[in-house]
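In order, the protein sequence lines correspond to chains A and B.
Sequence positions in the first sequence follow numbering that gives the first Met the number 0 and run 0 to 506.
Sequence positions in the second sequence follow numbering that gives the first Met the number 0 and run 0 to 359.
Some but not every residue of chain A turned toward chain B, in silico, with C-beta under 8 Å: (1) Pro321; (2) Pro334; (3) Ala341; (4) Thr355; (5) Thr363; (6) Phe367; (7) Asn393; (8) Arg396.
Derived from the structure by calculation, the hints contain no laboratory data.
Positions of the beta carbon are idealized from the N, C-alpha and C atoms, including for glycine.
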Amino acid sequence: MNDPLLRLSGLTKAYPGVVANRDVSFDIGKGEVHALLGENGAGKSTLVKTIYGLVKPDEGSMTLEGKPFAPHDPRAARAAGIAMVFQHFSLFDALTVAENVALGMENPPPMGELAARIKDVSETYGLPLNPSRIVGDLSAGERQRVEIIRCLLQDPKVLIMDEPTSVLTPQEVEILFETLRKLQAEGTSILYISHKLEEIRALCDCATILRLGEVVGTCDPRETSAREMAELMVGGTLHVPERETKVEGEVLMQIKGLSAPSPAEFGTSLKDISLEVRAGDVIGIGGVAGNGQDELLAALSGEIRVGQGQITFQGKDIGHLPPDARRTLGICAAPEERMGHAAAPDMSLTENGALTARKRKNLTKNGFINWRAARGFAEEVIETFDVRTPGPNNAARSLSGGNLQKFVIGREILQDPQVLIVNQPTWGVDASAAAAIRQALLDLAAKGAAVIVISQDLDELMEVSDSFAALNEGRLSAPRPARGLTVEEIGLMLGGAHDMEVAHVAS
Amino acid sequence: MIALEKRPQPSQVWSLASPVVAVVLTMIAGAGLFAALGQDPVAALIKIFWEPVFGPYNFFYLPQLLIKGAPLVAIALGLSLGFKAGIWNIGAEGQYIIGALCGAGVGLAFYPMEARWLILPLMLVAGALGGFVWAMIPGLLRVKFNTNEILVSLMLVYVAEQLMASMALGLMKNPEGMGFPGSRNLSQYESASTWIDRSYGMHWGVVIALIAVCFAYILFSRHILGFQIKLAGQAPRAAAFSGVSPARLVLFCLGTSGALAGLAGLTEVAGPAGLVSIDFNVGYGFTAIIVAFLGRLHPVGILLAGTLMAITYIGGDVAQSSLGLPGAAIQVFQGMLLFFLLAVDVLTNYRVRIGQRSVA
Chain A
0 MNDPLLRLSG
10 LTKAYPGVVA
20 NRDVSFDIGK
30 GEVHALLGEN
40 GAGKSTLVKT
50 IYGLVKPDEG
60 SMTLEGKPFA
70 PHDPRAARAA
80 GIAMVFQHFS
90 LFDALTVAEN
100 VALGMENPPP
110 MGELAARIKD
120 VSETYGLPLN
130 PSRIVGDLSA
140 GERQRVEIIR
150 CLLQDPKVLI
160 MDEPTSVLTP
170 QEVEILFETL
180 RKLQAEGTSI
190 LYISHKLEEI
200 RALCDCATIL
210 RLGEVVGTCD
220 PRETSAREMA
230 ELMVGGTLHV
240 PERETKVEGE
250 VLMQIKGLSA
260 PSPAEFGTSL
270 KDISLEVRAG
280 DVIGIGGVAG
290 NGQDELLAAL
300 SGEIRVGQGQ
310 ITFQGKDIGH
320 LPPDARRTLG
330 ICAAPEERMG
340 HAAAPDMSLT
350 ENGALTARKR
360 KNLTKNGFIN
370 WRAARGFAEE
380 VIETFDVRTP
390 GPNNAARSLS
400 GGNLQKFVIG
410 REILQDPQVL
420 IVNQPTWGVD
430 ASAAAAIRQA
440 LLDLAAKGAA
450 VIVISQDLDE
460 LMEVSDSFAA
470 LNEGRLSAPR
480 PARGLTVEEI
490 GLMLGGAHDM
500 EVAHVAS
Chain B
0 MIALEKRPQP
10 SQVWSLASPV
20 VAVVLTMIAG
30 AGLFAALGQD
40 PVAALIKIFW
50 EPVFGPYNFF
60 YLPQLLIKGA
70 PLVAIALGLS
80 LGFKAGIWNI
90 GAEGQYIIGA
100 LCGAGVGLAF
110 YPMEARWLIL
120 PLMLVAGALG
130 GFVWAMIPGL
140 LRVKFNTNEI
150 LVSLMLVYVA
160 EQLMASMALG
170 LMKNPEGMGF
180 PGSRNLSQYE
190 SASTWIDRSY
200 GMHWGVVIAL
210 IAVCFAYILF
220 SRHILGFQIK
230 LAGQAPRAAA
240 FSGVSPARLV
250 LFCLGTSGAL
260 AGLAGLTEVA
270 GPAGLVSIDF
280 NVGYGFTAII
290 VAFLGRLHPV
300 GILLAGTLMA
310 ITYIGGDVAQ
320 SSLGLPGAAI
330 QVFQGMLLFF
340 LLAVDVLTNY
350 RVRIGQRSVA
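Chain B extracted, bound-state conformation (with noise of 0.2 Å):
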């Protein structure tokens, strides 16, 4: 027999081992699918996680470590807050997206002025806005009327896809662009690029993630808000006694996961994208869910884990490209990593306790 047996307080050990243990099952599953693919596994796996970093081309592959990254960390911190409050932003795309018109719109409003200290602030404020808005619907929706954040956040990423794409075909189309949809390219309008420095991949939305994740650390570790967040999504009921508001709470998180989501959208839109085209998301705001619970809801863990998703969504190119690998292989390789995190997980609060017991 096989039981498990609650364990009297959470096991720091696992909580810390969990992540490390799931991404190695992750591998040997993955090397499974890659072998019943046809490919050799090892040398898929090898192509996935160390060319990109070590392998002779990485100074093509790291700068794309620092782009991929950055909107995944962002958009993975400002979740995070949700999710450990009880408080699930499944629409973080849809921010994302929206975050991006909002800013892009502001940048090709001013064209061709040349003013980059006025622009690019601008923009940053309004992609924030853009995304804090589109999070505020949910969010309004659920204290006035109690209705499910997270059908109603999913939903609406379908209708900022659906506006993006009139965007990039109507009011957004570039002039220039003899008929082809999507805007004027931003990174190449010198006031309105978030770039710092192409060639080491480096960008405004970087330098974001990463003040994010200090701020996030000490929200957590020193600030009374941190504390109500958590103290709201383990006991609501002591949440309600110590004096927290959920109302109040429910915005907060919604709107900061939407602020920030907002702001990575913008950065890649005016920088590593480019344009506002009709396929400029690809599904960030999705992967950083994974992102966010791969480092335990931990700012420090979801830098970590973003980085290491970036390499999955690099590898999964170089494999693609060199190995013929499908596509798709990666987002299932990144869906079991999910799958077997969660999995692993219980065993933080869970003991297993294999045999006797029952038997009399």
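Same shape as in the complex, but just chain A (with noise of 0.2 Å):
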């Protein structure tokens, strides 16, 4: 590790209006594990793509090996041996694992050898995985493992891994450690990027942390506290939400035998789901991305309607009611796609904060939309979410995915809900706003309204649930008191182990 695999020295990139990365240097070691922290628009992705060949710098130079190293595509760049397993997969639902790969490649074998190759490479590496099955029936830890292999048949020397774990469950994430601390014996480095920091603790050599574009610290993990890492991060001490102990609320909602097939391809259909929601409850639903968590929101906002009594609030039937009259009732939710479905991207927030809020805010009038109130709306979601933009003027797509998920999550909330369903509240948000958005959440709750989180953040789940239940294939198991579950009972309840007897007799 005396000699760095690859050196990057006063990288600089400017983007009109913002510096990514200014003067930004490290080093990483051969068959070093390095992380790279920072919240959301601290310029780790477009360090990343410099490295990946995606970006060219303004300033500054690479070195790998100890020869200048300047890829101007990515091709060049896996020539020289890096390779990356981007944080959203690029795989066709469609084909099987085997071919998937052979897209990826520049001359693929013919198929039965690759196949061959895909089994022996998945087997060294410990990454169980058939090349004949068709993607789209996989898990969302199975198709990491075909980007991950994919990337590994090109026998890279710098393995760049955004984000790995958001999609895991713990024993997933177990078996990606042993992989990864299997490739750093072999001598490949890997470039960690994460906001988990009990794992870069748990994985990582080195760790370089990024604000606003620039290199405020390196540290060694394994002797920092993720808290002092976190504060190095966001640059100023963190606020943990806050609860307070509360009396069991009356039930608002109850949904029974709920079952609904998916409207998408490849979708998972929702399978005889029960739950009690009582007013001051947070209900944290775990699961692995794909298993039915789209689907639980789309039935419970309104888009998919449901059977008779399988959904009734306040004691009325309400499984046939379209989305607008359960807002007005004082059901609202927030879908995990921000772009497309919670918001549209080419309008301006004025009008998506009209999108939901114009029943519970008053914003129509025989059918006549009242601008000016429109834009007043917007306006206080902006104020109190503190949304980063010029003015309620600006079109949903021009904020940055952390901003519009805030604005998103905020119109929700102030339309003041009796139960809120959100899915993947803080999904790429950073750790202050991430922060704020449960304490808005827990707020709500402690005001009588009933939460229904959907997230596949552990972390998150156990900070804000009072109850937590897994959703594995459409089905969900019987909520259990948050406080107190491990880390290896929920890992069992993700792993569709919906009775604790079964796990002991499994384990």
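Put the two chains together into one complex, using the hints given.
This is the structure in structure tokens:
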């Protein structure tokens, strides 16, 4: 580890209006797992894209194994030995694993040979994967394995991983870490991007922390506390959501035997879901992506209509009601996908405010929209939730992911709902904004509303939930009090062992 | 290297400028076309765009402007509703024909009764209803069976044309017409004529088009329905999340555009055209598609675009009679206009970046 494998010196990249990276320098040694930490907008993506040849730096240089390294496209970067696993997978659902891998190769070998190599690599690194399976049927963890194997087949010197654990169960995370340690032992360097500090502490040898495009610190994560790292990242002290103990409220919403087919191809149907939602409760619903989260939200928001008696609100059957009617009753929702689902990208924030709030905020009269009131409401959301934007006339797509998320969640919370359902409320949001969103959810519950938080971030769920249930292949486990649940128990719930007796037998 | 880069926000400037740029590019390309046909390109352009409005015979052409413009504007407004929502009614021509047939049928049925206060309103209702029903066919098929409304509405144009031919030669044929095809002349039947003042080209179709402009403007700027239409077109999932019912939207957009096309057909057949004949329709329903896009799917824009398109129709006639340009040349001209418009429109959402970037 004395001679650095990859050295970045003085990398600077400016975009109109912002400096994404300013004079960033650090080294990655051979066989080192190097963490790159930073809030959203800290410049991690730009930096990684520079290494991967997607962005050309304005200033500064890189060397790889002592030789100058300036890839002008990802192909050149791959040829030099850089591989990257993106946060969002680029896989085709309808093709098999082997076909997907072949699509990413310059000169794919014959299918049979490729399948054998995939099998070989997957066994060597402990990533079980059958090359002939259709990707559409794979779990998120398995899809990630396809991406990783795709990279490993190139025999990389440096493997870049962007937030790899956000879609994995704790058990899958363990498998991934085993693989990464094996790679490390073979001399592969890993650049690991994450905001999950405990993981970084468990895995990485060295961490570089970015804030506002600059390196603000380097540390040995095994000897630095998670809190210290978080504070370096945020540049201040971190606010942890608070909650008061409360008495059990009345039942607001009752879900009984909810079953619904998924409207999407390769979607997951909901199967016999039952849940009691009480006033003041925060129910956390965990699960690996693609186990029916979108469908559950759609069934509760009214986008999917369900059969009689499956959802009742204050004793009234509401399964047949469309979203607007449910909002009028006090049921609001915020879907996971911000662009195009929770918000219309090309419309202004004023219009996006009216998108869901027109009934509860009385923004329409006889069908005519009061644009002044709508604008006022959008301004209120922007102000209350600290949405960084020049103003409500800006298009939703001009906002960064985290800012739009704050707007979307704020829009629903300020409607003062009785039941709020959110899916991935802090996905892609920086640490301080995520804390603010969680606090707002808890405040809403403290005022007597019920909140259902669907999320893949277990830390988040443990932080906010009173009770916890897991979605697995469209089925929901019985909820259990969140306090006192161990990581193993949660992992088993996520894996589909709904009943703890079974879990004991299994273990 | 030339590359396109997505803008963070749609450009306001380009959204307004692109129709103007498209018109200019069309004129340049059109000039080339006329030159290739052996004409003096400048003279041809003057004939087409200048002569009808400002020429010495404009007293003859200006009324024509209302007559040609009104159906284009009315139909294009209806189409713009659907186009904004991603519902593609391509068969306005058919709805226009059926509206004309239904309205004319009512008028002819009352002949020779003298009761304009009764007959004309009934005809208007029948015309609107005819277009509405014809548009409901693709609408209901799409809602019930998820058929493609583009194909169904387009094919129904040819059905409507056949129906009209059979009417002109059969049921609606003028019994005093000495065997010639075509119905009685409604414009000469005082109680059924849609003319208001023939010498100015003023008829009920013009009034309807102008009222429709106002209504469409209010719909899109203030009403929740206009908002939902826009939303459904831009982000269908967000629309469903917001609570828009796609089926209702399809029926509303197709129904309204059908009714407007039907009204345009009726006011044409009982006014400027006068009678149901086998060659009654001249393609307004198709040209209106260009008008809708050229006008940015905006009511005021459509009013301006409809006027411009009416000028090219009249100017084309002028050029045809005085310069001997082939009639098809003006259709090519209109086609080019849509082509350039769609091309220039890319600039609303993208900017062109020349050079550098990918050079190492």
